[in-house]
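Novice: The primary structure of each chain is shown beneath.
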Amino acid sequence: MVYIIRLKNISKAYGGGKVRAVDNLNLTVPPGEIFGFLGPNGAGKTTTIKIMTGILSPDTGEVELCGVDLLKEPLRAKRKFGYVPDTSEIFPRLSGLEFLNFVADVYEVPAKLREERIRPLLKLFSLEGAINDRIGSYSHGMKQKLLVIASLVHDPDIWILDEPMTGLDPESSFNLKKLMQDYAARGKTVFFSTHILEVAEKLCTTLGIIKKGKLIFTGTMEDLKTQKQEDKSLEELFLELVRS
Amino acid sequence: MRKTLQLIKVLLAVRPFSYYRQNPKEFLKALGFIVLILFSLSGLFSMNVVFYKNLFQALKPVNLESTVLALGAVNTVLIILALGVIAILSGYYYDGAEYLLALPLKGRELLGAKILVNYFYHLPIAVLFFGIPAGVYGYFGGEGFLYWITAIFNLFLLPVLPLTLVFAFFVLIFRSFSFAGKKDFLMYLGGVIGLGAAVLIQKFSNTVQLAEKNPGVLVAKFSDPNLINLKLYKIYLPALLTVKSLTGEDVTIKAFSLGANIIFSLGLLALGLYTLGWAYEKSLKVGAEGGGGRRRVKGELTFTPKPVFISNLLREIRLMNREPVYFLNGPLVIIIIPFVFGISFYFQGIAGLSEIKKFLGNKALENYFLAGLLSLGVFLAAATNITSTAISREAKELYYLKSLPVSEKTWLLGKLAHGYVFGIIASFFAVAGAYFLGVSGFKAWFILPAVLLSALPVLAAGLLLDLKRPYLNWDHPQKAFKQNLNATVGIFLPFMQIGLYWLFLLKFKLSFWPCTVGFAGLSFLIGLGVLFYTLKDAQSSFLKLEV
Ligand SMILES: Nc1ncnc2c1ncn2[C@@H]1O[C@H](COP(=O)(O)OP(=O)(O)OP(=O)(O)O)[C@@H](O)[C@H]1O
Ligand SMILES: [Mg+2]
Chain A
1 MVYIIRLKNI SKAYGGGKVR AVDNLNLTVP PGEIFGFLGP NGAGKTTTIK
51 IMTGILSPDT GEVELCGVDL LKEPLRAKRK FGYVPDTSEI FPRLSGLEFL
101 NFVADVYEVP AKLREERIRP LLKLFSLEGA INDRIGSYSH GMKQKLLVIA
151 SLVHDPDIWI LDEPMTGLDP ESSFNLKKLM QDYAARGKTV FFSTHILEVA
201 EKLCTTLGII KKGKLIFTGT MEDLKTQKQE DKSLEELFLE LVRS
Chain B
1 MRKTLQLIKV LLAVRPFSYY RQNPKEFLKA LGFIVLILFS LSGLFSMNVV
51 FYKNLFQALK PVNLESTVLA LGAVNTVLII LALGVIAILS GYYYDGAEYL
101 LALPLKGREL LGAKILVNYF YHLPIAVLFF GIPAGVYGYF GGEGFLYWIT
151 AIFNLFLLPV LPLTLVFAFF VLIFRSFSFA GKKDFLMYLG GVIGLGAAVL
201 IQKFSNTVQL AEKNPGVLVA KFSDPNLINL KLYKIYLPAL LTVKSLTGED
251 VTIKAFSLGA NIIFSLGLLA LGLYTLGWAY EKSLKVGAEG GGGRRRVKGE
301 LTFTPKPVFI SNLLREIRLM NREPVYFLNG PLVIIIIPFV FGISFYFQGI
351 AGLSEIKKFL GNKALENYFL AGLLSLGVFL AAATNITSTA ISREAKELYY
401 LKSLPVSEKT WLLGKLAHGY VFGIIASFFA VAGAYFLGVS GFKAWFILPA
451 VLLSALPVLA AGLLLDLKRP YLNWDHPQKA FKQNLNATVG IFLPFMQIGL
501 YWLFLLKFKL SFWPCTVGFA GLSFLIGLGV LFYTLKDAQS SFLKLEV
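If you read the sequences in order, they're chains A and B. Residues in the first sequence are numbered consecutively from 1, following the UniProt record's numbering. Residues in the second sequence are numbered consecutively from 1, following the UniProt record's numbering.
These are calculated hints, taken from the structure and not from any lab test. Any given hint might turn out to be false.
[As the list claims (entries may be wrong)] Footprint (simulated), chain A over chain B, 3 or more residues, beta carbon under 8 Å:
#, stretch
1, 318-327
2, 434-445
[As the list claims (entries may be wrong)] Label pairs and their in silico Cβ distance ranges:
#, chain 1, residue 1, chain 2, residue 2, range
3, A, K112, B, L105, 51 to 59 Å
4, A, E235, B, K536, 45 to 53 Å
5, A, E62, B, E300, 20 to 28 Å
6, A, D169, B, E300, 44 to 52 Å
7, B, G529, A, V19, 51 to 59 Å
8, A, N41, B, L268, 29 to 37 Å
[What the hints assert, rightly or not] Cross-link-like lysine-lysine pairs, in silico, DSS-like; alpha carbons within 27 Å at most:
#, chain 1, residue 1, chain 2, residue 2
9, B, K544, A, K211
10, A, K178, A, K80
11, A, K232, A, K214
12, B, K544, A, K80
13, B, K396, A, K212
14, A, K214, A, K178
15, A, K202, A, K72
16, B, K409, A, K72
17, A, K178, A, K202
18, B, K254, B, K60
19, B, K409, A, K80
20, B, K544, A, K8
21, A, K211, B, K396
22, B, K396, A, K72
23, A, K178, A, K188
24, A, K112, B, K306
25, A, K212, B, K544
26, A, K72, B, K363
27, A, K178, A, K225
28, A, K80, B, K306
29, A, K212, A, K225
30, A, K72, B, K544
31, B, K544, A, K18
32, A, K72, B, K468
33, B, K396, A, K80
34, B, K53, B, K234
35, B, K507, B, K443
36, B, K544, A, K214
37, A, K123, A, K211
38, B, K306, A, K123
39, A, K18, B, K536
40, B, K443, B, K363
Each residue gets a CB set at the ideal place from its N, CA and C atoms; glycine is no exception.
Whole structure, please, built from the sequences with the hints as guidance.
Specialist: Encoded structure:
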C-alpha cells in the first residue's frame, strides 16, 4: 500500500514535558483521500499539523511525506505540501499580491503558472478588488482565503489545512469544499482539521479522531458505524467516542 | 476616577513589586533601562546646571535673578508642548481601542488616563528644565524651607496645562478630520517634529557655551525685555504665578499665587476633561474604523518571479519600513543622527575647527576625523537594530515561514543582508561626512569598506542573540523592539568595539593607518566567526523557536 502521509510514533510534549500534546501517534493516509482530523479543543490537532509541516520538531517519531523523510530532508519534504495555518494574523503590512508573489518565489513557480493558478482562485473567492491592499485591512475571512490561495500556488501533492472553514461565509465555504473535492479527484491528498462535523461527514473519505494526544479512531464513516454498531449521525457517534 | 487609575495601570504596564521579586531578571532589566535613561539625560542635566548657575550669578548684581525662574518655567512649558505633540501624534489612539470602546468607560475617563500617562512621561522634563533653575535659585539665593516646598508644588503643576492644551487641540482636530488609516502618517510627522526639537536643543547647548565664555552677553540678552521667552512669561499666567509664588514680596502674595496656580491649572484640566471627553471618545471611534489602514499599493495584477533571496529581502524591508514603530526606531535613526551631527558641527564646529587644526596639525586632524566617522558608521549600522530584533519582529509569522521549503541559513542570511542594507547607507553617510569635513578622495572612500567590514561582528552578534533569545510573545509590534533586551545589547556592542579601537589609537598610540586597517580586518574576521557559529546550528535553533 502506498502512503502519501505517514506519521510514525509521533510524540510531543510542551512546557518541559508537562503537557503531552501528542502521544505516540501513528497515522497513514493513502493518495486521493480527504482526511478529516477531528477532536475536542486542545486534543492535539494543531500540534500534529505543526509537526507534519516541520514547524515543530517531535520529541520522538518520524514523518514521511510522499516518501520523503521530513526530519532528514526538510526542504524536499516541504515542497510536497501546501499549508493553511490556524491563525490568519500574518504579514499585515504586505499587500495580498506581494504575499502571494513571495510564496510563489519561495516555491520557484514561473510567472505563467502563477497567473494560471492565482487568477481563477482570486475570482472564485472574490478577492480581486482587494489584492493590492494591505493584508492588515482584510477581514478575517479574506485573510483566510488569501492563505488558501497561497497554499495552492505550487500545486502541491498534499494540502494541509488547519480549521480552514472558520470565519468563511457560506459561499466561500462551499467553494473551498468544492476545491478540496476537485483536488482529491486529481489523485492528490487533502488533510484538514475541523470542528464542523457536517462538513467532515459529507466531505471526508477518511476520519481520524484524536483525544488527549492519542488517536482513538481512524477509518471511514461506515467503519465508525460498524464499530459502534449504531446507525447514528457523526455528531452523536463523535460525542459518544470523545466522552467515553 | 477608579477606572481611570486602572486604565493608567494598564497603559503604563505597572507591575506590582512582588512581580519583580519573583522575576529578578525583569527587575534588572527595568533598572537597566532607568539607568540608561538617566545616563542619556545626564549631559543635558549638567549643561542646564552650568547654564542657570552662570545666569543666576550674572543677573544677581542687577537684581534680575528671578529671570532664572521665569526662563525655567517658560522653557519647561515650551518643551513639554513640543514633546507633547510628538507623544500625542504617536500615542493618541489606544491600542485595542475597539475593545475599550465596548467597555462601559466614559470619554473623559479615557482621555484623563491618556493625559495622566503623558503627565508621568513628561514629569522628568519638568525636573530637568524647571527643577534645575529652581534648585539653582534656591541654593545660591539661600532660600528657606517654604521656598523648596512651593517649588516642588510648582514643578508638579507645570506640565498639567501644556499637556491639557495639546490634547485639547488634537482632540478637536482628530474629531473633525478623519485620520482613520493615517496613523502611520501621524507617527512619521511626530518623527519629523522630533527632528526639529533636536535642532532646538542643539541651539540651546550653543547658548550655554556662549554663556560660559562671556557672562556679559548673558546679562545683556536676558535683561532685554523683548526676549521672546520673557515676553511669553508675561502672557502665560501659570508661569507668572509660579514665579510670584516663589519670589513674591510677602507670604500672602506667595500663598495667593500658589493657590491661584493650582486652581487655574487643575481647573482647566477638569474643564478640558468634562467638555472634551465625548469628543475624544468620538475621535477614537472614527480612528477605529480605519482598522489596519486600508491603503492601496499601486499596481495591477503583476507576477514577476524573483530569486528567493531577493524576494525575502524585499519582504523584510517592506515589513520594517511600513511599520511606523520600526521605521522610527530603525531606518529613521540612520538619517536623524548624521543630520543632528551635521547641524551641531555647522553651528559650533567651524569656528573651533581652525584652533584645533593649529593645535593638532592638518594631518592628525584628518585622521581623527576619519576615525570618528568610522566609529559613527559602525554605530549607525548597529543603531537600526535590524539584526538584533530580526527574529523577534517576525513572531507568529515564524510558524508560517518554517513550513516553507527555505533553509534556515537563507532566512538568517536574508536578515543579515537587511542589516547590511542599512550598513551601506550608514557607510555612505560616513563618506559624505568626510567630504563635509574637507577630507576627500581615497581617504574618504576608504571609510566605506572599513565601515562595512567593521560592522559585521555587531550585525552577526545581534542576529545570534535574537536567534537564541528572541522576544516572541508580544501583542503589539512595538514591543519586539522596545521590550527586547537584544536591541539594547545590540547598541552597546558597537560602543565596546569602538571603545577598543580608540583605546589603541589614543592610549597605545598606534599610528592611524595600521591601527584602522587592523581594526577593520580583525573585526571582520571575528564577525565571520560569529556568523559561522550562528549558521552552524541554525536548523536546530530555528526548530526550537516556539511562539
Ligand atoms: N505553545 C504551547 N505551549 C504549551 N502548551 C501548548 C502550546 N500549544 C499547545 N499547547 C497544548 O497542547 C495541547 C494540544 O493543543 P493543540 O493546539 O494541538 O490542540 P487542538 O486540537 O488544535 O485544539 P483546538 O481545537 O482548540 O484548535 C493543549 O493541551 C494545549 O494546551
Ligand atoms: Mg487547533
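Novice: Next step is simple, just say for each hint if it's right about the structure.
Specialist: For each hint, the structure was consulted:
1. 318-327: Per the Cβ count (4), the hint holds.
2. 434-445: As far as the stretch 434-445 of chain B goes, the hint is violated, because 0 residues have Cβ atoms under 8 Å from chain A.
3. A:K112 - B:L105: 51 to 59 Å: holds (55 Å)
4. A:E235 - B:K536: 45 to 53 Å: Holds, since A:E235 and B:K536 (Cβ atoms, about 52 Å apart) stay within the stated range.
5. A:E62 - B:E300: 20 to 28 Å: violated (46 Å)
6. A:D169 - B:E300: 44 to 52 Å: violated (27 Å)
7. B:G529 - A:V19: 51 to 59 Å: violated (39 Å)
8. A:N41 - B:L268: 29 to 37 Å: violated (53 Å)
9. B:K544 - A:K211: Within the cut-off at roughly 25 Å; holds.
10. A:K178 - A:K80: Holds, because 21 Å separates the two Cα atoms, which is no more than 27 Å.
11. A:K232 - A:K214: Roughly 24 Å between the alpha carbons, so the hint for A:K232 and A:K214 holds.
12. B:K544 - A:K80: Distance of about 23 Å is within 27 Å: holds.
13. B:K396 - A:K212: Distance of about 25 Å is within 27 Å: holds.
14. A:K214 - A:K178: violated (30 Å)
15. A:K202 - A:K72: Violated: A:K202 and A:K72 sit about 36 Å apart, past 27 Å.
16. B:K409 - A:K72: Answer holds: B:K409 to A:K72 is near 16 Å, not above 27 Å.
17. A:K178 - A:K202: Holds, at about 11 Å.
18. B:K254 - B:K60: Distance ~21 Å between B:K254 and B:K60 Cα, so the pair holds.
19. B:K409 - A:K80: holds (20 Å)
20. B:K544 - A:K8: With a Cα-Cα distance of about 21 Å, the restraint between B:K544 and A:K8 holds, given a limit of 27 Å.
21. A:K211 - B:K396: holds (26 Å)
22. B:K396 - A:K72: holds (25 Å)
23. A:K178 - A:K188: holds (14 Å)
24. A:K112 - B:K306: holds (13 Å)
25. A:K212 - B:K544: Holds, at roughly 23 Å.
26. A:K72 - B:K363: violated (60 Å)
27. A:K178 - A:K225: holds (26 Å)
28. A:K80 - B:K306: Cα-Cα ~21 Å, so holds.
29. A:K212 - A:K225: Roughly 22 Å separates the two Cα atoms, so the pair holds.
30. A:K72 - B:K544: holds (16 Å)
31. B:K544 - A:K18: holds (17 Å)
32. A:K72 - B:K468: holds (23 Å)
33. B:K396 - A:K80: Holds - the C-alpha atoms of A:K80 and B:K396 are around 23 Å apart, at most 27 Å.
34. B:K53 - B:K234: OK: B:K53 and B:K234 at ~23 Å, within 27 Å.
35. B:K507 - B:K443: holds (23 Å)
36. B:K544 - A:K214: holds (24 Å)
37. A:K123 - A:K211: violated (38 Å)
38. B:K306 - A:K123: It holds: about 24 Å lies between the C-alpha atoms, which stays within 27 Å.
39. A:K18 - B:K536: Violated: A:K18 and B:K536 sit about 30 Å apart, past 27 Å.
40. B:K443 - B:K363: Within the cut-off at roughly 12 Å; holds.
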